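Visitor: Those protein sequence lines, which keep their order, are chains A and B. For reference, each letter of the first sequence is one residue, going 5 to 243 in the numbering used here. For reference, each letter of the second sequence is one residue, going 5 to 243 in the numbering used here.
No lab work stands behind these hints, which were simulated from the structure alone. Being a predicted model, the structure only gives us computed values, none of them experimental. Some hints could be false.
Okay, derived cross-link-like pairs now, DSBU-like style, lysine-lysine, Cα gap no bigger than 35 Å in a straight line [stated by the list, open to error]:
1) K144(A) - K11(B)
2) K123(B) - K11(A)
3) K144(A) - K42(B)
4) K11(A) - K144(B)
5) K144(B) - K73(A)
6) K221(B) - K123(A)
There are 2 protein chains.
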Amino acid sequence: MAAPEIKALTFDVFGTVVDWRSSIAREAETFFADHGIKGVDPVEFAVAWRALYNPSMQRVRSGELPFTKLDVLHRMNLDELLRRYDIGGLAEDDIDHLNRAWHRLTPWPDSVEGLTRLKQRFIIATQSNGNIALMVNMAKNAGLPWDVILGSEVVRHYKPCPDAYINCADALGLPPESCMMTAAHNNDLVAASQQGFRTAFVLRPSEHGPDQATDTKAEHDFDYVADSFTGLADQLGCP
Amino acid sequence: MAAPEIKALTFDVFGTVVDWRSSIAREAETFFADHGIKGVDPVEFAVAWRALYNPSMQRVRSGELPFTKLDVLHRMNLDELLRRYDIGGLAEDDIDHLNRAWHRLTPWPDSVEGLTRLKQRFIIATQSNGNIALMVNMAKNAGLPWDVILGSEVVRHYKPCPDAYINCADALGLPPESCMMTAAHNNDLVAASQQGFRTAFVLRPSEHGPDQATDTKAEHDFDYVADSFTGLADQLGCP
Numbered sequence: 005m006a007a008p009e010i011k012a013l014t015f016d017v018f019g020t021v022v023d024w025r026s027s028i029a030r031e032a033e034t035f036f037a038d039h040g041i042k043g044v045d046p047v048e049f050a051v052a053w054r055a056l057y058n059p060s061m062q063r064v065r066s067g068e069l070p071f072t073k074l075d076v077l078h079r080m081n082l083d084e085l086l087r088r089y090d091i092g093g094l095a096e097d098d099i100d101h102l103n104r105a106w107h108r109l110t111p112w113p114d115s116v117e118g119l120t121r122l123k124q125r126f127i128i129a130t131q132s133n134g135n136i137a138l139m140v141n142m143a144k145n146a147g148l149p150w151d152v153i154l155g156s157e158v159v160r161h162y163k164p165c166p167d168a169y170i171n172c173a174d175a176l177g178l179p180p181e182s183c184m185m186t187a188a189h190n191n192d193l194v195a196a197s198q199q200g201f202r203t204a205f206v207l208r209p210s211e212h213g214p215d216q217a218t219d220t221k222a223e224h225d226f227d228y229v230a231d232s233f234t235g236l237a238d239q240l241g242c243p
Numbered sequence: 005m006a007a008p009e010i011k012a013l014t015f016d017v018f019g020t021v022v023d024w025r026s027s028i029a030r031e032a033e034t035f036f037a038d039h040g041i042k043g044v045d046p047v048e049f050a051v052a053w054r055a056l057y058n059p060s061m062q063r064v065r066s067g068e069l070p071f072t073k074l075d076v077l078h079r080m081n082l083d084e085l086l087r088r089y090d091i092g093g094l095a096e097d098d099i100d101h102l103n104r105a106w107h108r109l110t111p112w113p114d115s116v117e118g119l120t121r122l123k124q125r126f127i128i129a130t131q132s133n134g135n136i137a138l139m140v141n142m143a144k145n146a147g148l149p150w151d152v153i154l155g156s157e158v159v160r161h162y163k164p165c166p167d168a169y170i171n172c173a174d175a176l177g178l179p180p181e182s183c184m185m186t187a188a189h190n191n192d193l194v195a196a197s198q199q200g201f202r203t204a205f206v207l208r209p210s211e212h213g214p215d216q217a218t219d220t221k222a223e224h225d226f227d228y229v230a231d232s233f234t235g236l237a238d239q240l241g242c243p
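Chain A with its partners taken away, still in its complex shape (with noise of 0.2 Å):
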């Protein structure tokens, strides 16, 4: 029987479509010289604030933590980026605008062209661990045209946890099969087509910095490989 045809493109966000490591340190960066922050690299704590992503999920993955919110894992990993910085004073409103930079994020390049080629013929949806209000705000922020906001909140789940994957295809309706992860990064592809998803690897090889040294290539063997969306727009047939 031939492969039921592909209906959706389910996206991972952060790295895969915007560019997280320099929107927050340019954010940071900004943030810190509106409030005479001396002596802390913004890539540096840029790259903090993300080390603390995963670990924050794994407590919700492992049950340590109900679920909650990207939001609000980002702001427990601020407060402890703050204090090891000794970073201090801060209004809470200040808090709260550097801890919506994750709303702020730039896309890559080929990001806006490539989904609007590629919602012509698809579905495209986030599948994201970023929340329904991060993404909506970092969509209309940055003219990313979804059809549709899923992910964690809606699932109820982090990635790369099954139902994170089978509750996505059953919320749009649709068979695994007719689902096709799209990301930049291997063990989320892995997950999804353990699910019985179909899966297109983005390259994105600088979203590390420039000594990236994971994810450097499509290390399985995934239904499509691209080096941006506007790429694997051209491999589907989108005009």
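Given the coordinates of chain A, work out where chain B should sit on it, guided by the hints.
Guide: Just chain B, lined up with the frame of chain A:
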């Protein structure tokens, strides 16, 4: 203190954005012709199907049923109607196709233009009792430019249950006062208002056909009253 700025418009969909009555009647008419079903009036069938909508959600609201997607409730109600009208011998795929008529509803003439204008200034979200797949497929089919699909399946409650509104604002990361419920139904707006939402009544005088007797005018002191989405866009200063 001034009222907080409106950031998001949340929309009732069935009746407010799309014309379910004539769309379902059209689908039923085609279906009956294709399957040699005679003697059933398509408009009567559409109205009878819709009449089972609220009672079926009430079984969820009351706790008699666990949360059940509208696609499933629609199908239970369709099965009941097929028995009532003594329509038998249909293939499962055909019944499923008819059930998905709700995914193919036609917008009112001003809906796409009005939403497109409103989207320039506000987050536009569905806040419907429809499930995610239904809303996504309807949007793809009809060109409805939603920023985000919220509503029953995301919040796990059916309107006018208070949590259906509270959880929707929470998902957007907004206080209810920054959200404006937009609907053609007085009761939906009253329920939203009771949870702190701003309100916009949009008149849809033929939702229930030429002799419509309910929701023929705004019956309460809503924030905005319009006779189309383009009229609402005018009032809200959306070019």
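Visitor: Output the indices of the hints that this structure fails to meet, ascending.
Guide: 3 and 6
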